[in-house]
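S.K.: Listed below are the residues making up each chain.
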Amino acid sequence: MMELQAILMAAGGGSRMMDLTYNTPKPLLPVGNKPLIWYPLNLLERVGFEEVIVITTRDVQKMISTDPRMKLDVKMKLDVVCIQEEADMGTADALRHIQQKIKTDVLVVSCDLITDVALHEVVDLFRAHNATLSMLMSKAHEFTETVPGQKGKKKNGEQRDFVGVDGTGKRLLYMANEADLDQGLVIRKSIMKKHPRMHIKTGLVDAHLYCLKKSVVDFLADNKSISSIRGELVPYLVRKQFSKSTNSPKIKDEADQNLKGKDVSVNPEIQIWFRDEKLLQLSQERSCWNDHRGDMGEAYHGGRLRCYVHIMEEGMCYRVNTLAAYIEANRLAPKLFEEHAIHPSAVISERYLIGADSIIGASCQIADKTSIKRSTIGMSAVVREKVKVTNSIIMHGVTIEEGCNIQGSVICSGAVISRGADIKYCLVGSGQRIDPEAVRTNEVIVGTDQLMEI
Amino acid sequence: MSSRGTKQKKGNVTNEQEEEDQPLQAVLIADSFNRRFFPISKDQPRALLPLANVAMIDYTLEFLTSTGVQETFVFCCWMSNKIKDHLLNSKWCRPTSPNVVHIITSDLYRSLGDVLRDVDAKTLVRNDFILVYGDVVSNIDVSQALQEHRHRRKVDKNISVMTMVFKESSPGHKSRCEEDDVIVAMDSKSKRVLHYQKTQGLKKLQFPMNIFQHGSDEFEIRHDLLDCHISICSPQVAELFTDNFDYQTRNDFVRGILVNEEILGNQIHLYVTNEGYGARVSNLQMYDSVSSDLVRRWVYPLTPEANFTDQRGQGCAHSRHNVYRGAGVSLGHGSQMEENVLIGRDTSIGANCHISNSIIGNYCTIGDNVVLDRAYIWNNVHISNKVKIHQSVVCDGVLVKEAVLLNKQCVLAYNVVIGPNMSLPEGTVVSMHHPEEEEDDDDDEFLSDDQVVGNSKDKTKQKAFNPAEVGSEGKGYIWKASLDEAEDEELAQCIWGLVLNPDPDSDSESEASDGSQDMGSRSVSPEMDDVKVFQLEVLGTLQRGEEENIGCDNLFFRLSCSHQLTCTVCLPPLGGQLLKKWSPVFKNYIKRAQDHLDCLSAVEELFLEQETHQTAMVKVLMNMYQLEILEEDAILKWFSAGATTDKSRQLRKNQGLQKFIQWLKEAEDESSEEGE
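First to last, the protein sequences are chains A and B. Each residue of the first sequence is one higher than the one before, starting from 1 at the first, in the working numbering. Each residue of the second sequence is one higher than the one before, starting from 1 at the first, in the working numbering.
Misleading hints may appear alongside valid ones.
To be verified - For lysine to any residue, the following SDA-like pairs were computed, each having C-alpha atoms within a straight-line distance of at most 20 Å:
| id | chain 1 | residue 1 | chain 2 | residue 2 |
| --- | --- | --- | --- | --- |
| 1 | B | Lys388 | B | His434 |
| 2 | B | Lys204 | B | Asp243 |
| 3 | A | Lys170 | A | Asn223 |
| 4 | B | Lys189 | A | Ala140 |
| 5 | B | Lys203 | A | Arg188 |
| 6 | A | Lys170 | B | Glu218 |
| 7 | A | Lys77 | A | Asp124 |
| 8 | B | Lys204 | A | Pro235 |
| 9 | B | Lys653 | B | Gln594 |
| 10 | B | Lys475 | B | Gln594 |
| 11 | A | Lys170 | B | Ser188 |
| 12 | B | Lys203 | A | Arg239 |
| 13 | A | Lys335 | A | Val382 |
| 14 | B | Lys189 | A | Lys373 |
| 15 | B | Lys204 | A | Ala140 |
| 16 | B | Lys198 | A | Pro235 |
Read the hints as simulated data drawn from the structure, not as lab findings.
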C-alpha cells in the first residue's frame with residue numbers, strides 16, 4: 001500500500017517569463033540540457049516513488065511523447081492527465097479534477113522546483129504529527145547573475161510573505177502577504193497563549209511542495225470556491241487550525257451525525273478534520289507525550305488540524321518561475337547530477353577550450369578555436385570557429401557562426417547568430433536571426449508577433 | 001587614517017578602563033506609587049513587608065549586591081522614615097558593605113518618572129545603571145546582560161538606551177503576573193524590542209507594519225516572557241525622562257522610545273534568561289507565588305535558612321520537605337508540618353495542628369487544632385484554638401479568636417481582632433482603617449504632612465465595629481477599595497490581583513473572518529436598553545442628516561421605525577430652526593391624535609428640563625402649528641389635559657403660552673364660524 005500519491009503540477013504557463021516560454025512550455029524549458037520537469041520527477045524517483053500523476057496540458061504531453069529532445073529519463077510510471085489550457089484551472093482545481101484517482105494522502109509538487117532537499121524531512125513532519133498539511137520552504141537566494149533586459153539592479157517593491165512558525169520552527173502558525181496587512185499584523189491572543197514564541201520570517205520562498213491529507217482533497221471536491229493551493233487553500237488551513245469549530249469535540253460529534261445521515265452538504269467545512277483514526281486518538285489520549293511546554297493542556301491543545309513546514313536552512317531550492325531564477329538554476333543545476341559534461345555524441349574538434357562547468361548536449365558540433373566557459377550548449381547546436389561563449393545558455397538547435405562573442409545571454413532554440421556578432425546580456429528569442437557583426441547589449445530580442453502577444 | 005584609527009582604539013581602551021573602574025550603580029525605587037497593597041501598606045511601606053520573614057527590600061539589595069553593584073541610590077517617598085530606619089539598621093549600612101547605599105527621600109515623588117528626573121537633576125549616575133523597584137526578588141546574574149548592553153552601546157554609538165531583563169516562562173506559569181502580561185515583538189538577531197504591549201484585556205494583538213521594515217527578515221513575537229522589572233539603563237534614560245515630562249512609568253518610557261524610534265534614534269533591547277529567578281511582588285497573588293517559590297528554594301541562594309541579611313536570631317534550620325524552623329520554636333504534641341513550612345523564631349505551636357505550605361513569622365502563638373494552608377502569618381500574631389486559615393495573609397499583631405475560619409484570599413491587616421466563632425467569606429479584607437477615612441485624606445499617600453492630619457481625623461471619626469463583620473469581640477472594619485476613585489482603575493481590582501482563576505479558555509473565541517457564529521459575544525455583551533439604543537440611533541441619524549443636508553425623503557427611509565418613539569425621542573435635541581427644514585419628517589411621523597399628544601409632552605419635557613428657555617416654548621409651538629405639524633385641537637387638548645406636576649403647572653402659567661392658547665381658541669372659533 002502506497003503511503004502517498006505523488007502529483008506533479010505541470011500545467012502552468014510560465015506567465016512571469018513569457019520571453020522564454022513563447023515557444024517552449026515551461027515544463028519543457030531546458031535546464032542543464034534537461035527539461036525542467038525532469039528535476040521534480042527525479043526528486044520523486046530518488047526517494048522511491050514508482051508512480052506519479054502528472055497534470056499537464058495537451059501540448060506538453062504531445063511534445064514529451066514525440067520530441068526526442070524532450071525524452072524524460074525516468075523509470076517511474078507516469079500517469080499523465082491533461083487539462084484544457086483554456087479552462088484557466090488553478091492548482092486546487094486540478095486537484096479536484098483528479099479526485100477520483102486519489103486513494104491516499106498526496107504529495108503535490110510543482111514542475112518548476114529544483115531542489116536537493118531531503119524529502120523525508122517534509123514527509124516525516126507529516127507523519128509524526130499526523131498533520132493535515134506539511135510543506136517545504138527555503139531561505140530566499142539572492143540572484144547574482146545579470147538578468148538580460150532588466151534595467152537597474154533589483155525590483156525592491158515586491159511584497160513579502162510573513163510566515164509565522166512556533167518555537168521549534170516546524171509548526172506553521174501564521175501566513176499572510178504584506179499586501180493584505182494594511183491594518184498591521186494581527187494575531188489572536190489565544191494563539192500566542194498556545195504558542196508563546198512565534199518566529200515571523202519574511203525572507204522565505206515557498207517551494208510549492210505540499211503533503212496533504214486525503215480529506216483535504218475531498219474537502220476541495222465539496223468546496224468549489226477554492227481554486228489555488230498556495231493562494232487560498234494553504235492560508236485557509238493555516239487559519240483554520242485555531243478556529244473553534246475545528247477543535248471543539250461537540251461540533252465534531254454533530255459532524256459525525258451529519259455524515260451518518262448522509263447530510264454531507266450541510267457543512268462542507270468540517271469534513272477535513274474528523275477523520276482521525278479512532279485508535280490514534282485513543283493513543284494520544286493515553287499518552288503523556290506533549291508538544292508544548294508551559295501549561296498542562298493536552299497535546300496540540302486538542303487541535304485536530306495541524307500545519308507544519310520544513311524550512312531549508314541550506315542546500316539548493318529554486319523555483320524556476322522568472323528569468324533570473326532560470327539563469328541561476330542553469331548555473332547550478334549541473335551540480336545536481338553526475339554525468340559527463342560533454343555528451344558522447346557531440347562532434348568536437350580537437351582544438352577547443354571548454355570549462356569543466358559547461359555542458360555540451362548530444363550531437364553538437366563544436367568547431368576549432370572555440371572557448372566555452374560556464375555555459376550550457378543544447379542538443380544539436382552548431383558552434384563555428386573562433387566563437388567565445390561565456391556564462392550563457394544556448395538552447396537546442398542554435399547556430400552560432402564564426403567569430404561571435406556571446407556573454408551572459410540566453411539564446412532560445414533555433415536562433416541563428418550570424419558571423420561576428422557581439423551579444424552581451426541579451427535574451428534572443430526562439431528562431432531569431434541576429435545580423436552579422438551586430439553589437440547588442442542588455443536587450444530582449446524577440447519576434448514581432450511575440451511582442452504583440454505580450 | 002591608520003594613525004587616527006589606532007588613536008581611537010587607544011581612546012576606546014582608556015574609556016573601557018574608565019568604565020570598568022567606575023563602580024556599577026543602581027537606582028532602587030522603594031515605592032510602588034500605587035495602592036495595590038492597601039490597606040496593608042497604609043501602616044507599612046510595601047518594600048518593608050515581610051516575604052518569608054525578610055523585608056522585600058532586602059531581597060532587592062541582596063540581588064543588586066550579588067550582581068556586582070557597588071553604589072545604590074534608594075529613593076523613598078511613602079513612609080520614607082520607616083525605610084530609612086530599616087536600612088540604617090541593616091547590614092547594608094555597615095562600613096563593611098560592598099554596596100554603598102545612599103538613601104534619598106522626598107515627598108514629591110509621585111512616579112518613577114519623578115525619581116528619574118531627580119536622578120538627572122542631581123546627576124547621580126555617571127554610567128550605565130540598573131533600575132529596579134524595591135519589591136523585586138531575583139537571583140539573575142545580570143552581568144551577562146550588562147556586558148551585552150555595553151557592547152551594543154560601544155558598537156552603535158549610544159543608540160541603545162535600555163536593556164530590559166526578562167525571564168522565559170510560558171503562559172500558565174504561576175509566577176507570571178497577569179497584570180504584567182506583555183507581548184514583545186523583537187528582532188531575532190539584534191534582540192531589539194520592536195513592539196511592547198500589555199496584553200491584559202486584549203483579544204487580538206496588532207503589530208504595526210513599520211516595525212517589520214528594518215531590513216531584517218526574522219522577527220519573534222514572544223508571549224513567554226516574564227517581566228522581571230529589572231532594567232539596565234544608560235545615563236540618557238534619566239535625561240530622556242527630563243526631556244519628556246509626561247513619562248510617568250517605565251511603560252510610558254518604553255512606548256515613547258519605540259514610537260519615536262525613527263525620530264530620536266533610541267532603541268531598547270532585551271535580555272532573556274532561562275535560568276535564574278526574577279519577579280516583582282506587585283500584588284498579593286504574586287506575594288503568594290513568590291513566597292512559595294522562596295520556600296521551595298527556587299531563588300537559591302536566597303533561601304530562608306541562608307540568613308543573608310545577617311541579623312542575629314534570624315537563622316533557621318532546614319529539614320526535609322522544605323520545613324524550616326527558627327530558633328526557639330516549640331511544637332505541640334501531634335502537630336504536623338507537612339511540607340514547605342517556614343516558622344520564625346520563638347513561635348509556639350499547640351497540639352494537633354496541621355500546617356502546610358505556610359509561612360509563620362516571629363513571636364507568634366498558635367493554639368491547638370489549628371489548620372493552616374497557604375497561610376502567610378507575620379509577626380506577633382496570636383491564633384487561638386480550632387482556627388482554619390486557607391490562602392490568606394495575616395499581618396502583624398493580629399488576634400484571631402477561637403474557631404474562626406478564613407476562607408481563601410482573606411487579608412487581616414495590622415492589629416485586627418477577629419472572632420470568635422465565625423467564618424470570613426472569600427476575599428474579605430479587614431483593617432483597622434475605616435474605608436471612608438481614605439476619601440478624606442486622598443493625598444496622604446504622597447504628602448506625609450497630611451498624614452498626621454489624617455491620623456488625628458481617624459481618632460475623631462472612630463466608628464463602632466460591626467460585630468457581624470468581625471465577630472463579637474472583633475476589632476476592625478471591612479475594607480472596600482473605593483470604586484469611584486478616578487485615580488486609576490487598578491484600585492477597583494482585587495487586592496489579590498486581577499485574575500484569580502486562569503483566563504476562561506480563550507478557545508471560545510471564534511474567528512470572525514471564518515464567518516462562523518460567535519455565540520459567546522452575543523450573550524456576553526450587556527443588553528443595552530432597547531429604547532436607549534433606538535434613541536441613540538435616531539439621534540445619530542438626525543445629526544447626520546443635519547450635517548450632510550440629506551433630503552427629507554431619505555430621512556423617511558432611515559427613520560422607518562415606530563412613530564411614537566420617533567417623535568418623543570427626536571424632538572428634544574432639535575432647535576427651532578431645524579423645524580422648518582424637517583417639517584415633512586415630522587408630518588410623516590406625527591399623524592394620529594395620540595402622536596400629537598406624545599409630541600407635545602415631549603416638548604413639555606424638554607422645556608421643563610431647560611427652565612431658562614421656557615419663554616421659547618411658545619415660539620416652538622407656534623412654529624409647529626404654522627408648519628402644520630401640530631393641530632390646534634391637539635394643542636388645546638394637551639393644554640386642557642392639565643398638569644401632573646407642580647413644575648408643569650408653572651409652565652402652563654407662562655404668559656406667552658397663555659396668549660398663544662387664547663389666540664388658538666379664537667382662531668378656532670373663527671374658522672368654525674367661517675365653515676358654517
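S.K.: Each hint needs a verdict: does it hold in this structure or not?
M.R.: Status of the hints after comparison with the structure:
| no. | hint | verdict |
| --- | --- | --- |
| 1 | B/Lys388 with B/His434 | violated (26 Å) |
| 2 | B/Lys204 with B/Asp243 | violated (33 Å) |
| 3 | A/Lys170 with A/Asn223 | violated (28 Å) |
| 4 | B/Lys189 with A/Ala140 | holds (17 Å) |
| 5 | B/Lys203 with A/Arg188 | holds (6 Å) |
| 6 | A/Lys170 with B/Glu218 | holds (15 Å) |
| 7 | A/Lys77 with A/Asp124 | violated (24 Å) |
| 8 | B/Lys204 with A/Pro235 | holds (18 Å) |
| 9 | B/Lys653 with B/Gln594 | violated (24 Å) |
| 10 | B/Lys475 with B/Gln594 | violated (63 Å) |
| 11 | A/Lys170 with B/Ser188 | holds (17 Å) |
| 12 | B/Lys203 with A/Arg239 | holds (16 Å) |
| 13 | A/Lys335 with A/Val382 | violated (25 Å) |
| 14 | B/Lys189 with A/Lys373 | violated (40 Å) |
| 15 | B/Lys204 with A/Ala140 | violated (30 Å) |
| 16 | B/Lys198 with A/Pro235 | violated (28 Å) |
Violated hints for the displayed structure, listed by number in ascending order: 1, 2, 3, 7, 9, 10, 13, 14, 15 and 16.
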